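Peer 1: The listed protein sequences derive, respectively, from chains X and S.
When we follow the numbering used here, the leftmost residue of the first sequence carries the number 331, and every step to the right adds one.
When we follow the numbering used here, the leftmost residue of the second sequence carries the number 2, and every step to the right adds one.
Hints are computed from structural coordinates only; laboratory data are not their basis.
None of the values given here were measured: they were computed from a predicted structure.
Watch out, some of these pointers could steer you wrong.
Said to hold, decoys possible - Using C-beta positions, here's what the derived DEER-type ranges look like: (1) X:R540 - S:E77: 44 to 50 Å; (2) X:E654 - S:N110: 56 to 62 Å; (3) X:D616 - S:R230: 28 to 34 Å; (4) X:E654 - S:R230: 37 to 43 Å; (5) S:L189 - X:T484: 31 to 37 Å.
Unchecked claim - Which residues of chain S face chain X? A partial, calculated answer using Cβ under 10 Å: (6) V250; (7) L257; (8) K259.
Glycine included, C-beta positions come from ideal geometry on N, C-alpha and C.
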Amino acid sequence: MTEEENGSPNEAAKPQPPSSSDMQYYYQFIYPFKQIFNWLNHSPKPGKDMINRELAMAFRSGAYKRYNSYRSVQEFKSQVVKANPDRFEIGAIYNKPPQERDSLLKSEMIPLEKELVFDIDMDDYDTFRTCCSGAQVCGKCWKFISLAMTIMNTALIEDFGFENFLWVFSGRRGAHCWVSDKRARALNNLQRSNIIDYMNVVKDRTANKRLALLRPYHPHIARSLEQLKPHFTAIILEEQDPWRDDAHAMQTLLPGLHDRNLIEALSRYWKAHPGRSSKEKWSDIDAIAAKELKISRKQEFINRLRECKEDLVISTLYPKLDVEVTKQTHHLLKAPFCIHPGTGNVCVPIDENFVPSKAPRLIDLQSEMELRNHDISKTSLQPFLDAFQRQINKLVKEELSNVKRDREEDDGQIVDF
Amino acid sequence: MCRIISTLGELHQSLNLINHSSRQIKMFRQNKKRISSRRHFSDDNSGSQFIMGQPGSEAERRLYDKIYESKLSFYELPPQGEITLDQFEIWAIDRLKVLLELESCVARNKTAKETETIVKPLLQKLLPFNTDSLEDKKKDYYSHFILRLCFCRTKDLRDKFLRAETLLFKLRFNMLTSQYQAKFVQSLDLPMLQFISEDEKMELSQELYQTISPQLQFQLNLTDEMQRRQYFQNERFIKLPFESVIDLVGSRQVFLKKGFAYLPQFQQLNLLSREFAQRLEEELLRTFQHLPHLNEDDRLIPILTHLSTGYTISDYQQYSHEFGSDAQEGEINSQNVYSKEISSNFPLCAKNLFSGLQQHHHLRYNGRQQLSFFLKGIGLNADDALKFWSEAFTARGGNMTQDKFNKEYRYNFRHNYGLEGSRISYRVWDCRTILSKPRPARGEFHGCPYRDWNVDKLTSELSSMKLTSTQVSSVLESCQKNEFTIACTKVFESTHGQTGMEVDDQTHIAHPNLYFERSRQWQKKHSNETE
Ligand code: SF4
Ligand SMILES: [Zn+2]
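So that you can see chain X by itself, here it is in the shape it has in the complex:
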């Protein structure tokens, strides 16, 4: 846990909270309303996916205004510019435009669809994160998030067959995933919570809570373990090195072994040889087990130990997702390209190679705009806008072919009938 060894705790640029006139400028001149509109609408022509879509605005004062909806890009932009919120959030597509809510009975407003969303936060890794603490984040600990993205991507594609999803930087130390496939949007609450249960292998990242995973591992877990293993050595054992701290090792490493004798032998050994690195301690486990313990049914014991170690890899590195965000169709989540009110970072679309220091900040964009003749395409935001546009194009194209296919099927049915 020594700071010198782990380098400077924060490589990212200093936070620059934006003022409300900064926000005004951003909405007026930079925010990609049209793209966001199309992305949520799944078509350039305004349809119910956007017209009936809830947007909520959050204000500096703490006020939160729900059930806004907009019929066009122009209305969307002018309303947001006028209200000038800190940030705004995206909710479900309802059966009716949410802005008409006041004239309707509450029970008449039914959320029908929404992107399937996931939320990962650095908080969940704090037990094993030594490079930074609290709100800080650097390139080293961001690897936790990148790895989580890798695991999730594989499961979304390979297991669920989803193709259109987007990761978005949350602006400080987390990431959101938006799955826009038609099939994902149509999921009901029960289906969403089953998916989050499927994904959330680790419910509680503390070693004394046994994982309770059945053996053999489900293929999704087995595959995730293989993906995590190499990073476990690099990130946990070498880079973060959380167990060099003896007390921490006793608390978070030993209980995961679930064997009283072995745990006692190891803690004796580490008391006698304090300050051994995580990597050394990890191999101490096997060494002590082999030497100190005379177990009659050795093979079985070795198997059990291996399983404990596998569980430990999973429980330190497997992504833990926020259940509430995913579970319900009507839940709201911050829109891409908002400005994080604390850091001034733009919440840009990202991939696994992203690090937070690459995120454009509003203050930088403002000066770039001034220097480059107010041409957004010359700013550092442009590559992110391009990536977003590619995503939208793919989505809209897919959507069109869906519609076409549906229509053909309908035709077919009519003939049939």
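Use these hints to put chain S with the ligands onto chain X, whose structure you have.
Peer 2: Okay, now just chain S with the ligands, sitting in the frame of chain X:
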């Protein structure tokens, strides 16, 4: 497309069923003798695909033979034919009894096996399936549709019906031979029930085995790896969109690939019952949406309401034939009702009345009635009853004279035995009747303690009856859900089960006298065997 027609058909049919039966109800009022006269459903649908047929006709027989070819039905097409008002009511009530029993089993946390043991005899008696009788087949078919009408009106009722029917479906499916199971599945012709090819299974064998191995171990008790491999060798897998088996996704009991779930055949019932429930839910909603038409016919509403709300399975008259038979004449008299031997068999409501009577040497009207009928039900004859009441009311500590008793109360008690007035021998009260009376005020002791007592009082009473704290909280939980008779049944089970001597009949208790009879039987059997 076919679906829509059947929906409309159902609507039409439901209404036919209603009109039909209400006409008969009307006739019933005008002329009781014509109850069993048969009436035809309106016949304007001839040529469409409803279930048709003259009663008892060869066509009808063939039709039901076909529907029940594989013994089970998803109840897809509404029935069309004719039934009598008698059949309408009896069939519906018989099915309801089965469903209520199933519900009670769920509330009492019975396992699937226990539920089967408990419900099977009832099923055999009231709703036999797996038979060749046309009458039984029609009964099963019609009763399902009649109850759809009764239970479609609120979400709670729909959920209740859905749960119980799905359970019944599962239960029956499990009672079929595997040959008929396969036949049934085939008959459903579900496009989603596609088995994967041997090649695909080979290709994915590692993943598939990994996925089902823990289930084979813990659900099918195959503890040995060899056994599990063997089982896997022969197991077939169904491939379907993951949404269709979503409850198995969260628990990772299926292997997922590119949006498809691979379901082992032994989990197939899961899928079938889901499909069953889903379809039924849609149909119930649809029936409900068209029910407003019913309001025009206020004669039918009371019947439907009666069936769907208060109805419980108690029918003591019927039970007393079965249970009361060995209650010997004169076994119970005005003295020994107080004895431990007898009173230890009382349900809580009767205990409560006794302690109220002993405290006050008096009971107010509803309390008198409730206890008087209960005592009549356990076999206290009219003479002894009068003796019992007069002694209780005039006993030391009270201030009533024999004279006053004779003047004011004698008539009332004799009346309850059918010895005065209209000379009707009144039925003993079941829990539903008890629960339908006004709640007891201060100083009154009638009613049902599971409803009327507060948590503290109930808890201390139950603890003094030696229920463990888990049992107590399970009882309280039922009380909270307004399931008082289930609470009472749980108490019975907790106080009559631990000796290792099982009670033969584990059905739901919804009658204080059934509680008594069963407890007494158990007591006798118990003392015989320990002697
Ligand atoms: S449930 Fe019935 S038998 Fe039990 S206490 Fe209540 S009224 Fe009496
Ligand atoms: Zn860091």
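Peer 1: Decide, hint by hint, whether the structure agrees.
Peer 2: Against the structure, the hints come out as follows:
1. Between X:R540 and S:E77 the CB atoms are about 47 Å apart, so this pair conforms to the stated range of 44 to 50 Å.
2. The given range of 56 to 62 Å is broken by X:E654 and S:N110, whose C-beta atoms sit roughly 30 Å from each other.
3. At about 30 Å, the CB distance of X:D616 to S:R230 agrees with the hint of 28 to 34 Å.
4. Separation of X:E654 from S:R230 is about 41 Å and conforms to the stated range, judged on CB atoms against 37 to 43 Å.
5. Separated by about 35 Å at the C-beta atoms, S:L189 and X:T484 satisfy the suggested range of 31 to 37 Å.
6. This hint holds: S:V250 has a C-beta 5 Å from the nearest C-beta of chain X, less than the 10 Å allowed.
7. Hint status for S:L257 relative to chain X: holds, with the closest Cβ pair at about 4 Å, below 10 Å.
8. Restraint check, S:K259 versus chain X: the minimum CB separation of about 4 Å is within 10 Å; hint holds.
Comparing the model with each numbered hint stated earlier shows that hint 2 is the single one that does not hold.
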